[in-house]
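> Here is what each chain is made of, one letter per residue.
2 protein chains.
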Amino acid sequence: MTTFEQLERASAAKAAMAAASTEQKNRALLAMADALEARCASILSANALDLESAQGHISDVMLDRLSLNENRIASMAEGIRQVAALPDPVGQVLRIVDRPNGLHIEKTAVPMGVIAIIYESRPNVTSDAAALALKAGSACVLRGGKEAHRSAAAIVEALRLGLERSGLPQDALQLVEDTTRQSANELMTAVGLVDLLIPRGGAGLIRACVENATVNVIETGTGICHVYVDAEADPDMALDIVENAKTSRPSVCNAEEVLLVHRDIAEEFLPRLKARIPQVELRLCPRAAAIIPGTPAGDIDFDTEFLDYILAVKVVDSLEDAIVHIGEHSTGHSDAIITRDARAAQVFLRSVDSAAVYWNASTRFTDGGEFGLGCEMGISTQKLHARGPMGLEELCTYKYIITGNGQIR
Amino acid sequence: MTTFEQLERASAAKAAMAAASTEQKNRALLAMADALEARCASILSANALDLESAQGHISDVMLDRLSLNENRIASMAEGIRQVAALPDPVGQVLRIVDRPNGLHIEKTAVPMGVIAIIYESRPNVTSDAAALALKAGSACVLRGGKEAHRSAAAIVEALRLGLERSGLPQDALQLVEDTTRQSANELMTAVGLVDLLIPRGGAGLIRACVENATVNVIETGTGICHVYVDAEADPDMALDIVENAKTSRPSVCNAEEVLLVHRDIAEEFLPRLKARIPQVELRLCPRAAAIIPGTPAGDIDFDTEFLDYILAVKVVDSLEDAIVHIGEHSTGHSDAIITRDARAAQVFLRSVDSAAVYWNASTRFTDGGEFGLGCEMGISTQKLHARGPMGLEELCTYKYIITGNGQIR
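Residue numbers (the numbering used here), protein chains in the order written: chain R, 1 to 409; chain U, 1 to 409.
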């Protein structure tokens with residue numbers, strides 16, 4: 001089927017999804033989870049074919065991401081069941097206004113319509129993204145990476161079976177069949193058929209969407225996150241947080257990439273840091289290099305999302321310098337200050353223009369689950385619509401429903 | 001100055017705007033209003049030059065829009081004072097989450113940063129848009145039409161004087177000096193310098209922004225609004241509402257352009273309508289033309305924003321047909337049903353996917369003031385971020401402010 005036909009089918013299914021009750025959507029999600037587990041064997045065979053073709057063409061890390069087993073499928077099913085358990089965002093009344101002329105106005109959350117997601121090779125994104133978009137009352141069009149296509153197709157087949165069993169249209173979930181660049185371009189420009197496009201993946205994919213899309217896009221992901229250790233920091237707390245933010249999971253977007261240290265604490269702090277995280281390559285500004293050994297930092301090191309055991313380190317003269325540096329180099333994801341000085345913290349929290357700003361905590365908490373949203377579709381680094389973790393509410397739009405008895409203006 | 005330099009200046013001023021207190025912003029707005037009135041004479045001279053150059057090149061309606069007088073300037077000043085009186089959206093805590101691990105999370109409204117507005121020739125948009133953007137804590141970059149440039153420059157000069165008098169940076173308000181197409185393109189693609197772009201004007205301008213912009217855009221304006229007169233409508237109420245929605249101000253986006261009438265009421269209703277609004281040219285579908293005289297409607301008449309005393313009329317077989325027609329032809333702005341049947345109304349309100357859906361009231365109420373927002377920057381017809389009237393809250397974004405005592409993950 002062409003991508004355009006698939007989009008038309010998704011679009012035709014959106015009214016049924018929008019009208020579905022919470023119970024019906026939850027029943028569908030549970031049936032999708034069951035179908036995923038029931039079809040485990042065929043999903044694993046499809047995955048084996050993907051892995052075989054990919055062997056030698058992609059890195060071991062990528063191969064591991066692509067690879068499925070019974071446990072991973074069970075945890076995908078569990079993820080869908082967790083989405084079923086979350087409150088339904090659709091129909092929530094966000095504000096009520098009663099006007100002097102008798103008009104009753106309800107600002108009410110409603111589904112987006114068709115949500116398209118362009119992603120790369122992790123098969124679990126297929127089920128996560130589908131569950132979230134469908135629970136939010138939208139039809140869902142998935143466009144995954146070529147390497148994972150057979151796995152994704154087997155997963156989507158199971159999920160569609162679950163939808164059908166609960167009386168919702170299978171067409172509300174589409175996996176784009178065309179895995180060439182052409183189909184991604186079609187999604188980006190399908191004005192009137194795609195209500196929201198979410199790219200989930202590397203910086204290149206996200207840039208391509210932002211530059212080429214004429215449909216509404218939410219940018220997700222890139223995180224050059226900073227931790228600033230103030231002159232008034234508790235050094236033990238700062239060591240714990242920097243270690244956690246850098247090393248607990250270096251490959252994720254909320255991991256720390258840059259450490260800024262106030263000059264007054266640098267001589268004491270940096271040697272202890274070096275001893276604490278010996279597995280991390282430190283890329284040092286000249287003043288940091290005068291205190292501890294490490295690789296001299298190039299300019300690009302302060303603008304790089306390493307996603308690895310690498311940390312750029314810079315000594316700054318003041319809180320203000322730290323804020324200016326972050327303003328120039330942050331991707332607006334998550335940035336933290338470690339300090340006992342409440343005034344310095346307030347200045348930092350107010351001045352740093354990022355989705356999440358922290359005082360005395362690790363940047364690793366920027367996550368839908370950790371924020372109490374129950375789930376997330378990604379972390380938005382743009383300012384329009386959703387900023388930070390996007391949960392079910394952020395996957396909805398709203399409309400004004402106005403009831404009168406003949407009012408004219 | 002080049003547009004890029006102007007954007008850099010606005011960007012440099014945004015921190016001061018974001019940090020300004022409510023009192024400081026309100027003082028600035030009142031000083032801006034005073035300066036506008038104090039400089040009335042020089043604004044009128046500039047306007048006279050604009051009018052002179054435009055004479056013969058633009059229509060009389062456009063000339064009237066462009067033209068200023070003392071009363072119009074006084075009402076622009078009054079508009080700014082009204083914005084000063086509105087509550088400050090910045091710093092509002094939208095949600096508080098206290099996590100089991102002790103993290104305290106506040107989702108807080110913060111300014112966008114730099115808001116750019118591309119508009120056409122109404123001088124009053126200059127002061128309205130500036131007041132709203134500045135009150136929302138953002139720097140504001142205005143790019144008006146060539147015909148009104150001297151007027152806009154005189155207005156902005158006065159407004160900047162007001163800013164300066166109250167201690168806020170003049171550079172927070174910029175009127176783009178280059179009035180060629182080049183500057184509009186620069187604004188559309190100034191990623192990192194423009195946080196939000198709002199086009200205010202005709203369909204061509206809005207389409208150009210949506211197609212070419214790489215910065216975040218909110219589409220405003222185009223309204224092909226429908227009124228559906230159901231079989232169970234009170235015909236007197238329906239006549240009042242159709243007359244109001246069509247004729248009270250035909251040139252605005254919330255005016256009715258298309259009337260749908262249920263077949264069971266058409267024979268009674270259409271002759272009364274014809275008599276009620278004789279000044280309106282009716283473009284009739286064949287079934288309507290069999291009942292009353294009028295112009296036969298071409299296909300395009302059901303997809304045209306007339307903004308004039310013209311109404312396309314179609315007889316439909318059912319509520320469902322009305323909903324399908326609206327789904328295919330509405331611009332998603334405002335659509336109404338007139339009926340005594342609560343069930344039919346609920347189906348309509350749920351199924352019609354527009355920013356504002358009305359039961360027994362005129363579409364003309366879609367307006368920030370009428371919705372109780374106090375003001376508006378425009379009416380969004382997109383689903384992302386803001387839908388319907390955009391007030392001060394919709395001109396803000398939010399961030400998560402997280403306070404801990406050493407939490408790691």
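Simulated from the structure, these hints should not be mistaken for lab results.
There may be inaccurate statements among the hints.
It does not matter which identical chain is used: a pair holds within one copy or between any two.
Stated by the list, open to error - Here are the simulated SDA-like pairs of lysine to any residue, each with C-alpha atoms no more than 20 Å apart in a straight line:
#, residue 1, residue 2
1, Lys107, Arg95
2, Lys274, Asp301
3, Lys146, Asp60
4, Lys107, Gly374
5, Lys274, Ala290
6, Lys107, Arg350
7, Lys107, Gln92
8, Lys107, Gly369
9, Lys107, Glu5
10, Lys274, Arg181
11, Lys146, Glu157
12, Lys274, Gln24
> If the cutoff is 20 Å on CA atoms, where do Lys274 and Arg181 land: within, between, both or neither? Let me know, please.
neither (44 Å within a copy, 54 Å between copies)
> Treating 20 Å as the Cα threshold, decide for Lys146 and Glu157: within, between, both or neither.
within (17 Å within a copy, 56 Å between copies)
> Within a copy, between copies, both or neither: which one fits Lys107 and Gly369 at a CA-CA cutoff of 20 Å?
between (27 Å within a copy, 15 Å between copies)
> At 20 Å max between alpha carbons, let me know whether Lys146 reaches Asp60 within a copy, between copies, both or neither.
within (17 Å within a copy, 59 Å between copies)
> Go through the copies and call it for Lys107 and Gln92: within, between, both or neither, with a Cα cutoff of 20 Å.
both (9 Å within a copy, 19 Å between copies)
> How would you classify Lys274 and Ala290 at a CA-CA limit of 20 Å: within, between, both, or neither?
within (13 Å within a copy, 87 Å between copies)
> Quick one: Lys107 to Arg95, C-alpha cut-off 20 Å, is that within a copy, between copies, both, or neither?
both (5 Å within a copy, 18 Å between copies)
> When no copy is named, should Lys274 and Gln24 be tagged within, between, both, or neither for a Cα gap of at most 20 Å?
Classified as neither; 55 Å inside a copy, 47 Å across copies.
> Check Lys107 against Arg350 for me: Cα-Cα at most 20 Å, and say if that holds within a copy, between copies, both or neither.
Result: close only across copies, 13 Å inter versus 30 Å intra.
> Can you tell me if Lys107 and Gly374 fall within 20 Å by alpha carbon in one copy, between copies, both or neither?
Intra 24 Å, inter 16 Å, cutoff 20 Å: inter-copy only.
> Can you give me the call for Lys274 and Asp301, within, between, both or neither, at a CA distance of at most 20 Å?
For Lys274 and Asp301, only the intra-copy Cα distance (18 Å) is at most 20 Å; the inter-copy one is 72 Å.
> With identical chains, the pair Lys107 and Glu5 could be close in the same copy or across copies; at 20 Å between alpha carbons, which is it: within, between, both, or neither?
The answer is neither: 33 Å in one copy and 40 Å across copies each exceed 20 Å.
Hints 9, 10 and 12 from the list above are not met by this structure, while the remaining hints are.
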